[in-house]
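Given the structure of chain A, go ahead and fit chain B onto it with the hints provided.
There are 2 protein chains.
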Amino acid sequence: MKDIQINQETEMANAIRALAMDAVQKANSGHPGMPMGMADVATVLFNRFMSIDPAAPKWPDRDRFVLSAGHGSMLVYAIHHLLGYADMDMDQLRNFRQLGSRTAGHPEYGHADGIEVTTGPLGQGIATAVGMALAEKMKNARYGDDSVDHFTYVIAGDGCLMEGISHEAIDLAGHLGLGKLVVMWDDNAITIDGDTNLSTSTDQQARFAAAGWHVSACDGHDMNAIAEAIEAARLDPRPSLIACRTIIGFGAPNKQGSHDVHGAPLGDAEIAAARKQLNWAYEPFEIPASIYDSWHQIAARGAHKRAEWEQRLSVEFRATEPCDTSALPGAIEAYKRKLSQDKPNVATRKASQMALEVVNATLPFTVGGSADLTGSNLTKSSKMQSVTPQDFSGDYIHYGIREHGMAAAMNGIALHGGLKPYGGTFMAFADYCRPAIRLSALMGVPVTYVMTHDSIGLGEDGPTHQPVEHLASLRAIPNLLVMRPADAVETAEAWEIAMMSKDKPVMIVASRQNLPLQRTQHEAENLTARGAYLLRDPAKRDVTLIATGSEVEIAIAAADLLAADGIKAAVVSAPCFELFEAQDKAYRDTILGTAPRVGCEAAIRQGWDLFLDREDGFVGMRGFGASAPAPALYNHFNITAEAIASQAKNLI
Amino acid sequence: MKDIQINQETEMANAIRALAMDAVQKANSGHPGMPMGMADVATVLFNRFMSIDPAAPKWPDRDRFVLSAGHGSMLVYAIHHLLGYADMDMDQLRNFRQLGSRTAGHPEYGHADGIEVTTGPLGQGIATAVGMALAEKMKNARYGDDSVDHFTYVIAGDGCLMEGISHEAIDLAGHLGLGKLVVMWDDNAITIDGDTNLSTSTDQQARFAAAGWHVSACDGHDMNAIAEAIEAARLDPRPSLIACRTIIGFGAPNKQGSHDVHGAPLGDAEIAAARKQLNWAYEPFEIPASIYDSWHQIAARGAHKRAEWEQRLSVEFRATEPCDTSALPGAIEAYKRKLSQDKPNVATRKASQMALEVVNATLPFTVGGSADLTGSNLTKSSKMQSVTPQDFSGDYIHYGIREHGMAAAMNGIALHGGLKPYGGTFMAFADYCRPAIRLSALMGVPVTYVMTHDSIGLGEDGPTHQPVEHLASLRAIPNLLVMRPADAVETAEAWEIAMMSKDKPVMIVASRQNLPLQRTQHEAENLTARGAYLLRDPAKRDVTLIATGSEVEIAIAAADLLAADGIKAAVVSAPCFELFEAQDKAYRDTILGTAPRVGCEAAIRQGWDLFLDREDGFVGMRGFGASAPAPALYNHFNITAEAIASQAKNLI
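Each protein sequence line maps, in turn, to chains A and B. Okay, so the first sequence: first residue is 1 according to this note's numbering, each after it adds one. Okay, so the second sequence: first residue is 1 according to this note's numbering, each after it adds one.
In isolation and in its complexed conformation, chain A is listed as follows:
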């Protein structure tokens, strides 16, 4: 291994190495190998290229930095400390990975200033960065270079590039030609199990080139070579991959270059040896003033750029920060009034498209899309224009058959700010993008998922396409609002909630089959926001029927059957379990009543204990679906008004 030339930039990098190995050692937990290996690359990137202002972490036109290899979180924390982020003092580094500190094991969006995205689940960072770079292109097309003109830089590891989501991400980025996206691959030939040649032989540069990327390689420990590679990447009109040849744990003389250094503290002896190797004469968590000065110059340069930007900022752009949704409630209420007169009998996926005509006409910053199911998800409203590699002024994305890449890209678009993304696929394929949905919820990013074909009601495509457990599995994700509207009015209300949401992702679950309007009486209030409400409320109820989405129609029919036998049934529509759970006890008790209950949903019962006791009834699915026309399936699986009525009678 070549000797390090001792110069100021290398010293800046060694400060990262020292803080990383010392913090991991103190926590007795963490990953020193990656920060030490990529310290030179990261230092050159920040020292010579990055435009950020620690005093204004949310400056909209800042360069974005995404650490896709999130386990190397100490790289970011060390850099933020050295740059002078106010919330990243040395005590935060001393408390790395401790309860309540900002220095979580993996970078957590919202925990510390300047963390652009939560990473750790591999591949998510690079795929989210594609959304950020896409948002930059779209906003640049709308507002011009004066307002939006920045780069998105990613540090990715071998794991990020092995994960399937990376294929979806680079394919989409290459197709759209996101030239201001620069991925620096930590090409250290090491994974947790050992050498990368245990499990991969892919020529990554050839792979990225096949996807339309500009590719290059450099010695990740040669400052000028790194700078030349980044400069070339910035100039090329294609997205760029730089294979940075690095030694994992660089500077730890006895452990570097091996997987032993990946995910465990180095130990006091090796840390002492590394200090010697790096000529680093300072105590743990001690940084000399001259090093701070060098890093602070980066911050000063960024502050100057931000001041210039504020001078020339376009009026149009100012108006987009933040997204103003104040006009929506009025528009939705007017639309609901019209619905109560028109009484459309449409699938809720169609009702979703109808609502989108109102939403997209009212909110100029929505960005629609679908994973190649535009005509099935009905996510494109009449005036939407597709974004193309030649023209980014549109507002609809053809994400391709890439559910996972779509979800991560939507996270990136939402995190970038000023645009409100939504995207669709078949609900069964929510499984394909679940890791990115989870990150939406964990970060509290208000993206909207449109999941159509939401039950056996989709019919002939059969069990691979029929959600059965998906409502339960998605309701299980904390901080995600799962909405299953029963008709066009609830669908409009769900869209209002989704667009007004500031800190929660929302999933709108829609039927393939037509559903009659249930909310024939206009109500100004957004009843869906209550989570569940009484659709039919007899004076004194003998039984309470609770249903969601396409099964509300069946519960109403069951109530009619029971009425014919002189049994009074209340009918509750429950479009959103999470919002009902958030209501006060008095409201919940009023809705649930004290009579026996029967729940109905063309899905498994799991999760229904919010409404039902174990002795209550439930009409739904007990296993996978089947391939047949929808009416035949509802009969076959006995999800019928008759089944609800007979369970109700047994309970009374």
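There's no promise every hint is true.
Unchecked claim - Okay, derived cross-link-like pairs now, DSBU-like style, lysine-lysine, Cα gap no bigger than 30 Å in a straight line: (1) A:502 with A:350; (2) A:649 with B:585; (3) A:350 with B:26; (4) B:585 with B:568; (5) B:350 with A:26; (6) B:504 with B:568; (7) B:504 with B:338; (8) A:585 with B:26; (9) A:26 with A:276; (10) A:350 with A:383; (11) B:540 with B:585; (12) A:350 with A:58.
To be verified - Simulated DEER-style distance windows between Cβ atoms: (13) A:110 with B:254: 51 to 59 Å; (14) B:565 with A:326: 53 to 61 Å; (15) B:390 with A:100: 46 to 54 Å.
What the hints assert, rightly or not - Okay, the calculated bits of chain B under chain A, using three or more residues with CB under 8 Å as the criterion: (16) 161-169; (17) 290-301; (18) 334-344; (19) 369-382; (20) 456-462; (21) 495-505.
Treat the hints as calculated values from the structure; they're not laboratory data. For each residue, glycine too, the CB sits at the ideal point set by N, CA and C.
Leaving out everything else, chain B in the frame of chain A:
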């Protein structure tokens, strides 16, 4: 478009086209475009290369055919009918997509003979085929060419190649050099939204070449060109991609080549025009005898090959079909007896590795692996040898950082027969492979998933790595057994259940942190097979505490606290909800008792209504975790013996 030369092989292909368009029309649902576009390629493959025997659909050494583009299911059904599969008479085709027919909307494993794998969720087929081709290599290395020597052929569409899982699959196949895997890509440049150039610009041949594949292209409507390409693919030592340039809906003169023909019936007029175009003079569902004769010759050739194979079949190989697990229960019982003496205090992930020493020593056909977390999942037992591109005689797979590809490959290995695969990753990343886990359950394929680091108990890595909703979301999948053992004995019992399972996948969920032995009294019976059982059973109980995995220790401590206050608490260990639900009511009532209950699991409550009524207590998680040492987190989230005891007291 070039005229079709009318010869017998083209007629054989036109028979597929006619059956596909007629069956879709009669069902008024389905996808005619792909079967009509790929009819020539499929006909050449079967007519000139495939070795299968419809009279012996499970012949172990048959060539495997995987229709990854599962929506084109009529291609398979038509071929199986023409070949003379006994269970695929013309009535099955007339009842395409109807309730109870074998001709489901997408090919369903187990519904009809010769369906090698359930497909439809895009990319799953090609990734499962990688597992089949890997199994072929492994068994060939063990038993020789006389016993195992066949090809695995895949037809994949643009969607399959856009999905992220395809990257994981081709990367793994290229690395291992699975030369007898041949993927025929239906390169028709059409997706549902329109032309592929709406969403992708990837050079697929260059992409596959970068992953170490042999690549070629051919006119997918030129019989001899197709044959030459397949022959070259068979000869090349690398896995092969053949880009088959086809016209979607080939033969439908007014609709072919457009996405209109992808997923909707052609309509009577266009079908009539297609009959004219193809010179197909026969009625719907009418096939002339000469065409049947040609297809039956393929079956006859396969029957002959099978007879030859049975002649030369090695004794060793005969012994492997089916996997004989009869020796395992005795070995596990002896091991449990030893545990009750040794009383190990180990993490259940370590206990899993200890159990694997017994399992792998007893069952020579297990195949272990991990998604690059071997040292964390502890999935490799002491005598296991890694499979390498040079040597397939080993029994451990380094799947790489490819959870999704691993799960699909395990499905393929299990479907191939004679090997029993298991593989590990962190439980939080079960989300990454969920679509393949769902297919394991839907197909009833007995693969074993080892999911370690199963709660906030993993500590510092934080919320991205801490499962909170995963137990609920995985228990929601029908036909999947989720096991969360509390100690080394339950872990051994879980492994016994997993290895004995014939029709269900099993997931073994394991802790990172150490857990004391709870089952200190040896019991011959596999109590874990009961799903839940009484670990502590006082004469007359005041309260019942129910816990799983690492929280059983906490429930026991709570029972001790309560005992100090003179409160008698029964403690139930509930390692498998699905198996408890399957017990008879009498048993369940005995376990649950009539006293108030408190459940405890370091996860959300969803799914616990199997044990708890709404008024019962629950100690667990209400949202995402955090980054800190495990003990700090258990205190922070109040998952403690004190919390359980106080809830118990409030209920009594």
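So, going through the hints one by one against the coordinates:
Restraint check: the Cα-Cα separation between residue 502 (chain A) and residue 350 (chain A) comes to about 25 Å, which is no more than 30 Å; the hinted pair holds. Restraint check for residue 649 (chain A) and residue 585 (chain B): satisfied, since their Cα atoms lie roughly 23 Å apart, inside the 30 Å limit. Annotation: proposed proximity of residue 350 (chain A) to residue 26 (chain B) holds, straight-line Cα distance about 26 Å (limit 30 Å). Between residue 585 (chain B) and residue 568 (chain B) the alpha-carbon distance is near 24 Å, which keeps this suggested pair within the 30 Å criterion.
Straight-line distance between C-alpha atoms of residue 350 (chain B) and residue 26 (chain A) comes to about 26 Å, which keeps the hinted pair within the 30 Å bound. For the proposed pair residue 504 (chain B) and residue 568 (chain B), the alpha carbon gap of about 38 Å is over 30 Å, so the pair is violated. For the suggested pair residue 504 (chain B) and residue 338 (chain B), the alpha carbons sit about 29 Å apart, so the restraint of at most 30 Å is met. With a C-alpha separation of about 54 Å, the suggested pairing of residue 585 (chain A) with residue 26 (chain B) is violated against the 30 Å cut-off.
Taking the CA atoms of residue 26 (chain A) and residue 276 (chain A), the gap is near 19 Å; set against the 30 Å cutoff, the hint holds. Proximity of residue 350 (chain A) to residue 383 (chain A) is assessed by CA-CA distance (about 16 Å); at most 30 Å being required, the pair is judged to hold. At most 30 Å may separate the alpha-carbon atoms for a hinted pair to count; residue 540 (chain B) and residue 585 (chain B) meet this at roughly 20 Å. Only pairs whose Cα atoms come within 30 Å are accepted, and residue 350 (chain A) paired with residue 58 (chain A) is rejected, the gap being roughly 38 Å.
For residue 110 (chain A) and residue 254 (chain B), the hinted distance range of 51 to 59 Å is satisfied, since their beta carbons lie about 55 Å from each other. Under the hint 53 to 61 Å, the C-beta atoms of residue 565 (chain B) and residue 326 (chain A), about 57 Å apart, fit the expected range. Checked against the given bound of 46 to 54 Å, the beta carbons of residue 390 (chain B) and residue 100 (chain A), roughly 51 Å apart, stay inside it. Check result for the segment 161-169 of chain B against chain A: holds, 7 residues qualifying (beta carbon to beta carbon below 8 Å, three or more required).
Remark: the segment 290-301 of chain B is not confirmed as covered by chain A, as 0 of its residues place a Cβ nearer than 8 Å to a Cβ of that chain, below the required three. Only residues whose C-beta sits within less than 8 Å of a C-beta in chain A count toward coverage, and the segment 334-344 of chain B has 0 of them, not enough to reach three; the restraint is violated. Look at the segment 369-382 of chain B against chain A: 6 of its residues bring a Cβ nearer than 8 Å to a Cβ of that chain, three or more, so the hint holds. For the segment 456-462 of chain B, the proposed coverage by chain A is satisfied: 4 residues have a C-beta within less than 8 Å of a C-beta in that chain, meeting the threshold of three.
Three residues within the 8 Å Cβ limit are the bar, and the segment 495-505 of chain B against chain A gives 0, so the coverage statement is violated.
Figure legend: structure checked against the earlier numbered hints; hints not met, in rising order: 6, 8, 12, 17, 18 and 21.
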